[in-house]
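K.L.:
The primary structure of each chain is shown beneath.
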Amino acid sequence: MTPLSLGTKGKVLRCVILSVTALFALLPFMWMLSLSIKTTPEIYQAHFHILPESFAGFDNYRVVFASAPMLRFLLNGVLVCAAIFMVQLLVCIPCAYALAKLRFRGRDTLFSAVLIALLIPPQVLSIPHFVLLYYAQLIDSYGALILPWIFSAFGVFLLRQFFSTIPDELIQAAQLDGMSEADIIWRVMIPMSAPAIASFGIFSLVSHWNDLFWPLIVLRRAELATPALGILLFRDDETGRQFGPLMAATATIVAPLILAFLLAQRRFIDGLTIHSVK
Amino acid sequence: MATIEILGIEKRYGDTSVLKNVSLSVEDGEFLTLVGPSGCGKSTLLRIIAGLEAPDAGALRIADRDVAKDRPKQRNVAMVFQSYALYPHLTVLDNIVMPLRMRRLTAAQRFPLLGRWMPGTRRIEREIRAEAEQVASILGVEPLLARKPGQLSGGQRQRVALGRAMVRQPAVFLMDEPLSNLDAKLRVQMRSEIMALHRQIGATFVYVTHDQAEAMTMSDRVAVMMEGELLQVAAPEQLYSDPDDLRVAEMIGSPQINAVPVHALNRQLCLAWQLSQDTAVAAFRPENAIITRPADAMLNGTVAVSEHLGADVFVHVRLDGDAGTIVIRTDRTSPRHTAGTAVGVSVEGRHVLRFDAKKKRCRPSQDHGALVA
Numbered sequence: 001m002t003p004l005s006l007g008t009k010g011k012v013l014r015c016v017i018l019s020v021t022a023l024f025a026l027l028p029f030m031w032m033l034s035l036s037i038k039t040t041p042e043i044y045q046a047h048f049h050i051l052p053e054s055f056a057g058f059d060n061y062r063v064v065f066a067s068a069p070m071l072r073f074l075l076n077g078v079l080v081c082a083a084i085f086m087v088q089l090l091v092c093i094p095c096a097y098a099l100a101k102l103r104f105r106g107r108d109t110l111f112s113a114v115l116i117a118l119l120i121p122p123q124v125l126s127i128p129h130f131v132l133l134y135y136a137q138l139i140d141s142y143g144a145l146i147l148p149w150i151f152s153a154f155g156v157f158l159l160r161q162f163f164s165t166i167p168d169e170l171i172q173a174a175q176l177d178g179m180s181e182a183d184i185i186w187r188v189m190i191p192m193s194a195p196a197i198a199s200f201g202i203f204s205l206v207s208h209w210n211d212l213f214w215p216l217i218v219l220r221r222a223e224l225a226t227p228a229l230g231i232l233l234f235r236d237d238e239t240g241r242q243f244g245p246l247m248a249a250t251a252t253i254v255a256p257l258i259l260a261f262l263l264a265q266r267r268f269i270d271g272l273t274i275h276s277v278k
Numbered sequence: 001m002a003t004i005e006i007l008g009i010e011k012r013y014g015d016t017s018v019l020k021n022v023s024l025s026v027e028d029g030e031f032l033t034l035v036g037p038s039g040c041g042k043s044t045l046l047r048i049i050a051g052l053e054a055p056d057a058g059a060l061r062i063a064d065r066d067v068a069k070d071r072p073k074q075r076n077v078a079m080v081f082q083s084y085a086l087y088p089h090l091t092v093l094d095n096i097v098m099p100l101r102m103r104r105l106t107a108a109q110r111f112p113l114l115g116r117w118m119p120g121t122r123r124i125e126r127e128i129r130a131e132a133e134q135v136a137s138i139l140g141v142e143p144l145l146a147r148k149p150g151q152l153s154g155g156q157r158q159r160v161a162l163g164r165a166m167v168r169q170p171a172v173f174l175m176d177e178p179l180s181n182l183d184a185k186l187r188v189q190m191r192s193e194i195m196a197l198h199r200q201i202g203a204t205f206v207y208v209t210h211d212q213a214e215a216m217t218m219s220d221r222v223a224v225m226m227e228g229e230l231l232q233v234a235a236p237e238q239l240y241s242d243p244d245d246l247r248v249a250e251m252i253g254s255p256q257i258n259a260v261p262v263h264a265l266n267r268q269l270c271l272a273w274q275l276s277q278d279t280a281v282a283a284f285r286p287e288n289a290i291i292t293r294p295a296d297a298m299l300n301g302t303v304a305v306s307e308h309l310g311a312d313v314f315v316h317v318r319l320d321g322d323a324g325t326i327v328i329r330t331d332r333t334s335p336r337h338t339a340g341t342a343v344g345v346s347v348e349g350r351h352v353l354r355f356d357a358k359k360k361r362c363r364p365s366q367d368h369g370a371l372v373a
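Respectively, the protein sequence lines represent chains E and F. If you count by my numbering, then the first sequence holds residues 1 to 278, one letter each, in order. If you count by my numbering, then the second sequence holds residues 1 to 373, one letter each, in order.
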């Protein structure tokens, strides 16, 4: 399976390089986990240990779940992310199909527009979105969290590229079999693009679960807060400068994502490597 | 069962004209082959019959019904694609039943997830499955029903694609180079299977290929296309012995027909072959030429190479006086001709086909103009 066979020296070197890189990436997480199980006095000590001298993990995590509506934040996160992804699929799949497989005037111009939209950072659109939501009287609601994201240029682009690799003859065969465009999308395009849809799902889930900027702008009520915003509220209201519980809260909100990634890792990597559809 | 009538079909892609005023009628139950080099428009014509492309001009009637505005689904045609176009994520059974599912189940019964609980869905699904299994047993793919197309060999995929086309008993079968992805041995075998299938179901077949041997062996009639034009439509034997166009004559038959420009021939030969004044090219089949001693012949040359193919020997003769190289078919019992020997070539006048400068056939009726003086 390995493309290159390395000697023992090479293997050791590779291991060292990978470990150092991994250490850089993982150190903040380890620090976070370490702080989340320490007492406040120990956190402020001059010397640092990964493992605590006195274990305060239960206390810290109890504070998180007792004094802040952490479950509520997590539930909000699940709800909002799931809604965003579902609506994104509803919008992006037909768009991508049309751009990849239908012939109509202005198709290439529209696709260029999607590519340009890909380059615009979401923050640029925040004021227009805010004003629109204000007039729709949706500020400080779930709607405000979901509606601005229903069109994803990245999703359209990714799915369109994947759909383009599905041979035209297959779609023509489907037409002769009597499928409508909706049937073709449902029975042919979606099942064949499962890997692409999965990788788009991971992208969408990660970016909206971790998003702090937009919920911070449109939400006032704490009970609607998503996990990332919840952390902020938690810090302000409950803990002041207590890093232990704060890190416990942080660990709580990243855990579902990491867990999801570990479970779907195989699938995710497949999604990025599968090209052949024949 | 159905006839197909094609009247004055035109198709352009941008500035290039792919089909130029093509008219053709296919009899009920006929096996018609469209043959031509790649890019001649044969596949486009097939796709227009299927309804996958719209013609720019012209009329199309299937079973005496104008189908110009019909979607592919409404035309009662089935198509087998070169790449087979099987659904890779579905099993062989699901592939075969798909056309029936789409036609017999209502939109509500096909509705994702809920459809299977609609009244009647189960009964119809059972019938469909029984029919698919019957088709599978005809094609010998019954043991493969639970597999996915990716687990099948080329020939098996080909059969499944045929099964998907057969299962709804269409009036017209369209086949777009269905055998070109198979290896040579399997291709010959599938050829006869498709012919047997045609006899068995008696539907109208329109078959596209670039392989003249396939066209000649399988069809009732062959339509030769080139550069968007229909050159000739005729039975295979007639196409071989009585071509209308030099390009048809050159395409049909292997080795190729020998075409000698008239200006390279001496006057005696022109008289002997009764070439009319408008004849530009005289052509004859390799098996109609005989190698003689140089002194006895009106056409002389030297042997370039002899190809021994078991039963046959193809002798390539380079003609004197810039008349090109011709191929002569002899059998292995005739004397060997080594390269470099001077030989004569003799062809009887009745075997010579005459073509004018536009490559059209000079018919005998036009031949009684002035002979070359």
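None of these hints come from the bench; they were simulated from the model. All of these numbers come straight from a predicted model, not from anything done at the bench. Note that CB positions come from ideal geometry on N, CA and C, so glycine has one too. Keep in mind that a hint or two might mislead.
[What the hints assert, rightly or not] Lysine to aspartate or glutamate pairs mimicking DMTMM-like chemistry, simulated, CA-CA at most 20 Å apart:
1) F/Lys-148 with E/Glu-181
2) E/Lys-101 with E/Glu-42
3) F/Lys-148 with F/Glu-227
4) F/Lys-358 with F/Glu-227
5) F/Lys-73 with E/Glu-53
6) F/Lys-69 with F/Glu-53
7) F/Lys-73 with E/Glu-181
8) F/Lys-73 with E/Asp-183
[Stated by the list, open to error] In silico contact screen, one side only, chain F against chain E (beta carbon under 8 Å); selected entries:
9) Ala-54
10) Ala-78
11) Ala-85
12) Met-102
K.L.:
Now tell me if each hint is right for this structure.
P.N.:
Hints, verified against the model:
1. F/Lys-148 with E/Glu-181: violated (24 Å)
2. E/Lys-101 with E/Glu-42: Outside the cut-off at roughly 62 Å; violated.
3. F/Lys-148 with F/Glu-227: Violated, because 39 Å separates the two Cα atoms, which is more than 20 Å.
4. F/Lys-358 with F/Glu-227: holds (15 Å)
5. F/Lys-73 with E/Glu-53: violated (75 Å)
6. F/Lys-69 with F/Glu-53: Since the Cα atoms of F/Lys-69 and F/Glu-53 sit roughly 11 Å apart, the hinted pair holds (cutoff 20 Å).
7. F/Lys-73 with E/Glu-181: holds (12 Å)
8. F/Lys-73 with E/Asp-183: It holds: about 13 Å lies between the C-alpha atoms, which stays within 20 Å.
9. Ala-54: F/Ala-54 check fails; min Cβ-Cβ to chain E is 11 Å, beyond 8 Å.
10. Ala-78: Hint holds; F/Ala-78 Cβ to chain E Cβ min 6 Å, cut 8 Å.
11. Ala-85: holds (4 Å)
12. Met-102: holds (3 Å)
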